[in-house]
Amino acid sequence: MRVVWVIARNTFHEAIRRKFFWVIFLFALVAIASANLFSGIAPGEEKKFVFDFGLGSITLFGMLIVVFLGATMIPSEVDRRTIFTILSKPVRRWQFLIGKFLGLALTTLVTVACMGALLIAVHSYIAKGLDINVVKAVVLAFFQLLIVGAIALAASTRGSLAFNIVFAVLVYFVGAQSSSLLTLAEPEKHLAHAHTQHVEPVSWKAYVFRGVLKTIYWLVPHLDNFDVRQAIVTDSVVPWQTIFNCILYGLLYCSVLVIVAIVLFQDQEF
Amino acid sequence: MRKLLLILSLVILILAQGPLQSLIYKQREIYKLLPPIDVLVLYQLMPAEAITITLVGTMLGGFRGVAAKMLWLKSDEYWHSGRWYSMLPIMRTITWLDPSFVQAWDTAGWHVAYNLRAEAKTEEEQDEYVRRGCEILEEGIRWNPKSWQLLFQLGWTHYDKSGNLAEAIKWFKRARPLEDWKPGDLPRTHHMIAHAYERLSDIPMALKTWKDDFKYEHYCGANKGAVETITERYVVPWKLMEQGRYEEAIAWMDKLLEREELRHSSIVRHVLAEIYRRMGDLETAQAIMEQWSNKNKLDAGARYKAKLWKRMLEEKKSSKGGLAGTQAQP
Amino acid sequence: MSNTSAGEVVVELRNVRKEYPTGWGGTILALDDVSFEVYRGEIFGLVGPNGSGKTTTLKLILGLIFPTSGEIKVFDSSPFDISVKNKIGFLPDGPYFYDFLNADELLDFYGRLFGYSKSERKERIEQLLDLVGMKRFRKMPLRNYSKGMMQRIGLAQALINDPDLLLLDEPTTGIDPIGAHDIKQLMLKLREQGKTIFLCSHLLADVQMICDRVVILNLGRVIRKGTVKELLEPTAVTEIVAREVSEEVFKYVSELGATVERRDGDVVFRLLDHDRAPEVIETIRSHNGHVVSITRLTETLEDVFIKAVKEAGAPQIT
Numbered sequence: 001m002r003v004v005w006v007i008a009r010n011t012f013h014e015a016i017r018r019k020f021f022w023v024i025f026l027f028a029l030v031a032i033a034s035a036n037l038f039s040g041i042a043p044g045e046e047k048k049f050v051f052d053f054g055l056g057s058i059t060l061f062g063m064l065i066v067v068f069l070g071a072t073m074i075p076s077e078v079d080r081r082t083i084f085t086i087l088s089k090p091v092r093r094w095q096f097l098i099g100k101f102l103g104l105a106l107t108t109l110v111t112v113a114c115m116g117a118l119l120i121a122v123h124s125y126i127a128k129g130l131d132i133n134v135v136k137a138v139v140l141a142f143f144q145l146l147i148v149g150a151i152a153l154a155a156s157t158r159g160s161l162a163f164n165i166v167f168a169v170l171v172y173f174v175g176a177q178s179s180s181l182l183t184l185a186e187p188e189k190h191l192a193h194a195h196t197q198h199v200e201p202v203s204w205k206a207y208v209f210r211g212v213l214k215t216i217y218w219l220v221p222h223l224d225n226f227d228v229r230q231a232i233v234t235d236s237v238v239p240w241q242t243i244f245n246c247i248l249y250g251l252l253y254c255s256v257l258v259i260v261a262i263v264l265f266q267d268q269e270f
Numbered sequence: 001m002r003k004l005l006l007i008l009s010l011v012i013l014i015l016a017q018g019p020l021q022s023l024i025y026k027q028r029e030i031y032k033l034l035p036p037i038d039v040l041v042l043y044q045l046m047p048a049e050a051i052t053i054t055l056v057g058t059m060l061g062g063f064r065g066v067a068a069k070m071l072w073l074k075s076d077e078y079w080h081s082g083r084w085y086s087m088l089p090i091m092r093t094i095t096w097l098d099p100s101f102v103q104a105w106d107t108a109g110w111h112v113a114y115n116l117r118a119e120a121k122t123e124e125e126q127d128e129y130v131r132r133g134c135e136i137l138e139e140g141i142r143w144n145p146k147s148w149q150l151l152f153q154l155g156w157t158h159y160d161k162s163g164n165l166a167e168a169i170k171w172f173k174r175a176r177p178l179e180d181w182k183p184g185d186l187p188r189t190h191h192m193i194a195h196a197y198e199r200l201s202d203i204p205m206a207l208k209t210w211k212d213d214f215k216y217e218h219y220c221g222a223n224k225g226a227v228e229t230i231t232e233r234y235v236v237p238w239k240l241m242e243q244g245r246y247e248e249a250i251a252w253m254d255k256l257l258e259r260e261e262l263r264h265s266s267i268v269r270h271v272l273a274e275i276y277r278r279m280g281d282l283e284t285a286q287a288i289m290e291q292w293s294n295k296n297k298l299d300a301g302a303r304y305k306a307k308l309w310k311r312m313l314e315e316k317k318s319s320k321g322g323l324a325g326t327q328a329q330p
Numbered sequence: 001m002s003n004t005s006a007g008e009v010v011v012e013l014r015n016v017r018k019e020y021p022t023g024w025g026g027t028i029l030a031l032d033d034v035s036f037e038v039y040r041g042e043i044f045g046l047v048g049p050n051g052s053g054k055t056t057t058l059k060l061i062l063g064l065i066f067p068t069s070g071e072i073k074v075f076d077s078s079p080f081d082i083s084v085k086n087k088i089g090f091l092p093d094g095p096y097f098y099d100f101l102n103a104d105e106l107l108d109f110y111g112r113l114f115g116y117s118k119s120e121r122k123e124r125i126e127q128l129l130d131l132v133g134m135k136r137f138r139k140m141p142l143r144n145y146s147k148g149m150m151q152r153i154g155l156a157q158a159l160i161n162d163p164d165l166l167l168l169d170e171p172t173t174g175i176d177p178i179g180a181h182d183i184k185q186l187m188l189k190l191r192e193q194g195k196t197i198f199l200c201s202h203l204l205a206d207v208q209m210i211c212d213r214v215v216i217l218n219l220g221r222v223i224r225k226g227t228v229k230e231l232l233e234p235t236a237v238t239e240i241v242a243r244e245v246s247e248e249v250f251k252y253v254s255e256l257g258a259t260v261e262r263r264d265g266d267v268v269f270r271l272l273d274h275d276r277a278p279e280v281i282e283t284i285r286s287h288n289g290h291v292v293s294i295t296r297l298t299e300t301l302e303d304v305f306i307k308a309v310k311e312a313g314a315p316q317i318t
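Chains as they are written, first to last, in the numbering used here: chain A, 1 to 270; chain B, 1 to 330; chain C, 1 to 318.
Rather than coming from a laboratory, the hints here were simulated on the basis of the structure.
Among the hints, a few may not be true.
As the list claims (entries may be wrong) - Using 16 angstroms as the maximum straight-line C-alpha spacing, the simulated EDC-like pairs for lysine to aspartate or glutamate come out as follows:
no.: 1; chain 1: A; residue 1: Lys19; chain 2: C; residue 2: Glu12
no.: 2; chain 1: B; residue 1: Lys3; chain 2: A; residue 2: Glu45
no.: 3; chain 1: A; residue 1: Lys128; chain 2: A; residue 2: Glu186
no.: 4; chain 1: C; residue 1: Lys225; chain 2: C; residue 2: Glu12
no.: 5; chain 1: B; residue 1: Lys146; chain 2: A; residue 2: Asp235
no.: 6; chain 1: B; residue 1: Lys32; chain 2: A; residue 2: Glu46
no.: 7; chain 1: B; residue 1: Lys146; chain 2: A; residue 2: Glu45
no.: 8; chain 1: B; residue 1: Lys32; chain 2: B; residue 2: Glu119
Predicted model, so just to flag it, every value in this text is computed and none were measured.
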């Protein structure tokens, strides 16, 4: 555990001394802080706009930071050959990897906490009061980003840098839309919500198509679990039970990814 | 051995993920947290665009709302340059991108039910546009069930354009208990319910609604005046009608019709038609509404009743001998 | 020279083979049937041309890569055994460290990996910075370091745990002569303390000067191994320079199998058999000749190396 923490701490220090981290981070802060200035394009909906724009900034810029950090984490250690000196010390490979992941998590936590605190402040100012839903949304955004980072990190144990980045971003996009995959794969179940009652007979092609969609659905992380924007803009309640389940889901998925990363990393040659 | 352990724990975790995800999905359904783009509806309406819109929506991520606002500005440009039909797909995309964008739903519904209806050539086309406008508003209400703006707009569209007063009352009533209005919204909602009851020719309900308005402390003169006029003009014939003294009631109404200040009154015609209908003379009732709706194009309720009753008369004729649906509600 | 051959084996490679996948289904053979031992307390030199498999061998010993077949033992354990790492120090070729840290922070980071307490780390870092002569630059960020400074700090991190076995990959490459001299002195000092040093280098003069035993690798195969003496001894000749040498002497010496060469009026005889030297000198003198000098000559390690590599039919050293 000591070794894991030493590596995590070092990873965090390294991350926050990177130039691109600060560029994106500061840009995001400026975007969130100035959300109010743009809210004029939606008169009467300033509160909603600030929230939209702010959370959008947190997820987008957070995603960029997390993907770049996660994807470069192992390759940069190998390229600079720093990994040689570390693994020739009494450091097990899994310790190194978990340390890297925790370092990434720590960086994400600090980043999201800063951006989130700013958003909450700006939003509270506009809404003349704290909206607990905004806090909930920021918490969920953190776990969403954590999964994306874990994907990038897992990919980075094997793939090249460009591959890792493309892969993580792709999974992010598909994952953020995963419930739509399920809807398309099981249209009958969802027709109650639909307007058109016309159902085509299922051909074998559609059957295969649905099978593929369903497989992808069960493989990708369900990142839209963490999207509670809908409840927030309509002022409904996001129950704590759901938040708790989503956090549990996030931790579960991250564990899966870290184990996959360890399995891949265990046989990796440098 | 160690690797086996790792893979085993992997399998367990992946299996545990299944039920957890189902649980989360159910909760999201219940609490209406599902992502805004209803991909299936989209897919059935326009399969080719569905994928693109879904993808773009995802890429925009949290910026979906912002993108919707940008398109909103674009649609405004179209509006000012008179490209009314090009506005529709943009409006549709806006509402898909950001279903909580109340103003967009409101404007889209109004645009279809009013502006496009005005452009339509035939009456059937006009009715179709009004129906579609109402559908858009209803969809908006599904996403924003607490929006006074949308509920009132839908009630108003029914009152003013479709003429289905019962529907109008239904939506106005749903708008009434909401608290997010601006000053003036509450009396407006309340007065509209009363006006709809007047045209629906439910005099007791209209009177009750006007009187209730005092309770809301929105005394503005209008409600007091309305109570006075209704009592003076319609309470007597209504009582006579209820006692079955139709001839006397009609005589009272005929006298009212001769008054100069009621030459353009809708309510008089609606009440008179209602008396004839309850008397069993649907033909006369229909004729009154038909005549009135030709004279006063703005009374959608009269047109609606004229059409509905005409259909009922035709049905009665085709099924000769039937005892007739005199009890049919408008 | 130390009494190595009888000592305890610290590193042992037995019939080690290593193939790298090319990524297209094929493999590249990096090491083929490599066997050797490193004994406690010696400075062991692994030399070979570029691409001969030196770094691969090092990585195998460190457990960074896996052998295709064969056996590797470090302190009688597997290189993947984590406890072994406590007794090892490693300086990679062209070392590069987290350049956002300074020397103090870097050494502190490595010290933490070994679980040293704060005071232990502090004391150790003082000693090491002193040892590698980097005390002046301890607060300078590593990104501003020169190559030589990087090498020194790399040596310091390799020594952070006071290792019994020190693996050094090209430790003097890219360093000025004084720095290189310091590092060589340090290696000799560490040997005196009983440490074992595994040195990979192609600076053959250095290897010859400080190593006890040497293995020459070429194209993944061991082509020579032994103590430096064992490698150089067979090449030894006795050179006798004489003047006014008569024809009879020429004839006699040629029969002994010596080579003859004329140089500025002197005659140079080279004898492979040292024991015959007195006989040759006697013969020259008895024919009124003058012996100017008698020298025992060996080839350098570089000569041996180049000859061996050429014999093995390999590409020239680059």
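Each hint, compared with the structure:
no.	hint	in the structure
1	A:Lys19 <-> C:Glu12	violated, 45 angstroms
2	B:Lys3 <-> A:Glu45	violated, 54 angstroms
3	A:Lys128 <-> A:Glu186	violated, 44 angstroms
4	C:Lys225 <-> C:Glu12	holds, 14 angstroms
5	B:Lys146 <-> A:Asp235	holds, 9 angstroms
6	B:Lys32 <-> A:Glu46	violated, 23 angstroms
7	B:Lys146 <-> A:Glu45	holds, 15 angstroms
8	B:Lys32 <-> B:Glu119	violated, 37 angstroms
Of the numbered hints given earlier, the model fails hints 1, 2, 3, 6, 8; all others are met.
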